[in-house]
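Participant: Sequence:
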Amino acid sequence: MYKYTKEVMSPKFVGKEVTLRGWVYRKREQKDIIFILLRDSEGVIQITVRKGTKPFKEAEKLSIESSFIVRGVVKEDKRAPGGFELEAKEIKIIHLAERFPITRDVSKSFLLDVRHLWIRSRKMNSILKVRSKVMKYIREFFDKRGFVEISPPMFVSGACEGGATLFEVKYFDDKVYLTQSWQLYAEAVIFSIDKIYTIAPSFRAEKSRTIRHLTEYWHAEAEMAFADLDDVMKLEEDLLCEICKRVKKECKEELEILKVDLTKFKKVKKPFPRLKYEEVLERLRKKGFKMKFGEDLGYDEEKAIAAEIGGPFFIYAYPKETRAFYCKAYEDNKELVKAVDLLVPRIGELASGSERIDDKEELIRRIKELKMDPKQYEWYIDLRRYGSVPHAGFGLGIERLLAWLLDLESVQDAIPFPRTLTRTYP
Numbered sequence: 111m112y113k114y115t116k117e118v119m120s121p122k123f124v125g126k127e128v129t130l131r132g133w134v135y136r137k138r139e140q141k142d143i144i145f146i147l148l149r150d151s152e153g154v155i156q157i158t159v160r161k162g163t164k165p166f167k168e169a170e171k172l173s174i175e176s177s178f179i180v181r182g183v184v185k186e187d188k189r190a191p192g193g194f195e196l197e198a199k200e201i202k203i204i205h206l207a208e209r210f211p212i213t214r215d216v217s218k219s220f221l222l223d224v225r226h227l228w229i230r231s232r233k234m235n236s237i238l239k240v241r242s243k244v245m246k247y248i249r250e251f252f253d254k255r256g257f258v259e260i261s262p263p264m265f266v267s268g269a270c271e272g273g274a275t276l277f278e279v280k281y282f283d284d285k286v287y288l289t290q291s292w293q294l295y296a297e298a299v300i301f302s303i304d305k306i307y308t309i310a311p312s313f314r315a316e317k318s319r320t321i322r323h324l325t326e327y328w329h330a331e332a333e334m335a336f337a338d339l340d341d342v343m344k345l346e347e348d349l350l351c352e353i354c355k356r357v358k359k360e361c362k363e364e365l366e367i368l369k370v371d372l373t374k375f376k377k378v379k380k381p382f383p384r385l386k387y388e389e390v391l392e393r394l395r396k397k398g399f400k401m402k403f404g405e406d407l408g409y410d411e412e413k414a415i416a417a418e419i420g421g422p423f424f425i426y427a428y429p430k431e432t433r434a435f436y437c438k439a440y441e442d443n444k445e446l447v448k449a450v451d452l453l454v455p456r457i458g459e460l461a462s463g464s465e466r467i468d469d470k471e472e473l474i475r476r477i478k479e480l481k482m483d484p485k486q487y488e489w490y491i492d493l494r495r496y497g498s499v500p501h502a503g504f505g506l507g508i509e510r511l512l513a514w515l516l517d518l519e520s521v522q523d524a525i526p527f528p529r530t531l532t533r534t535y536p
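Plus 110 on top of the position in the sequence shown (first one is 1) and you've got our numbering.
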C-alpha cells in the first residue's frame, strides 16, 4: 500500500517500513550517501541512500523530476526537512527525466511559457490547494444560508456589462458571445428560487495588462429576490470574513510555504467601512488626483484609497454613467445608482454588486438611453412584466481574492493556466 509523504512524517511511523512514490524534487550527492527530496502531491520528504546498499546505483541514475518508487524505513532527524527522513531499502525507477528547464534564475515570462512544468512547484501546488479550499468555503457558506447553486450558460446572445469587451463566437450560422457574468440569467431564476449562487468562468476581452486582469477568470456570484443594497454588503462582509477565518485556520501549511503576511487577516473586521463615491472623490483630490464627477475609479485611484483604509471596505452610490444599464437609481437622485464595490489593499476591486432595476419602463428607458436595442433584451424585460420584485446581487473575482489572500504578484499566479491579452499557450 502506497503512502503519502505527509502521512508518514509522524512519530507513529518511526521505525516502520513504508513505500512512497513521486518525483525527484532535489538531489545532493556526497561520497558515501545520496540525499533525495521526494515530492508528491502532499509535500516533500528526504530520502537517504547509503553507498553499498541495494538502491544506491539506482539513486545515482535519478535526475531532477524523475519519477520513482521507494521502499524504506522512516526515521526521525531534526536536520531533515520536516524532521523526518526515509532510509531507502529499494528504489524502482519509473521514468528518468531529461534535463529539467526550470532553474532558480529564470524569468517570470519563462515560467509562464513552461506553466505546464512550473505547476509542479511547491508554490503552485499550495496555491491550487488553497484555490480549491476557497471554492469549497464559498459553496458551504451559501449552502448554510439556504442558497441553491445554479449552472449558467457560457454562450449568451447579448451583453451584460458592455459590448466592447465581449468575445464573439461563431455559432453555426449565427454569432453569440462568451459570458461576462451570469447575472441576467440569475435574475430570471430568482423568481423560482429566491436565493441562488454560482461559481463559474467568465470571459472579458479587455486589453488590460495589470496584475489583476485575465481574459478568462472565475466568478462567485449571488442573486437574491426581495433584497436591497444593504443586504448585498452584509452578505459580502460575511462571506469575506468566513473565507479569511477558514483560510487562516485550515491552510496553515500552504500559507507557510507561500510566506503569506498574516497581518491582513487582523484587519478583516465587520462592519467594513462604507464610503460614498463622492466622498472618495474628495479624498482622491486631496491626494492630488484630478478626477471629475462621473469618472470611474481606475486601478491607481483604487489602490490609493485602499492603502489609506488598510483593510476591506465598500464604495457605493456611483454615478449612473459608470455602471451597467441594469443598476437601480436612487429615488432622491436619479444620477446615482445603488451599486457597490468591495475593495482591498493592493488589488483594489474584489467584488461588484447592485440593486437591479425592477420596473419595466425604467429599464426600457435606461436601455434606450445607452443607445442599446430593447429587442435584444426582450426576455430580460419580460421579467418585469410578471410579478417583478426588488432584487440584488454581486460577483466576486476568485483570482483577485486569491491574489490578495496569498500575497501573489499577479492574478496570473492564482489560476492553473492563465489567459491574458498576449497568452493562450500552454
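There could be a bad hint or two in this list.
[As the list claims (entries may be wrong)] Straight-line alpha carbon distances no greater than 25 angstroms define the calculated DSS-like cross-link-like pairs of lysine-lysine that follow:
#1 Lys362 - Lys188
#2 Lys376 - Lys362
#3 Lys380 - Lys362
Honestly, the hints are just simulated from the structure, not real lab data.
Participant: Can you name, in rising order, the numbers of the hints this structure does not satisfy?
Facilitator: The structure conflicts with no hint, since it agrees with every one listed earlier.
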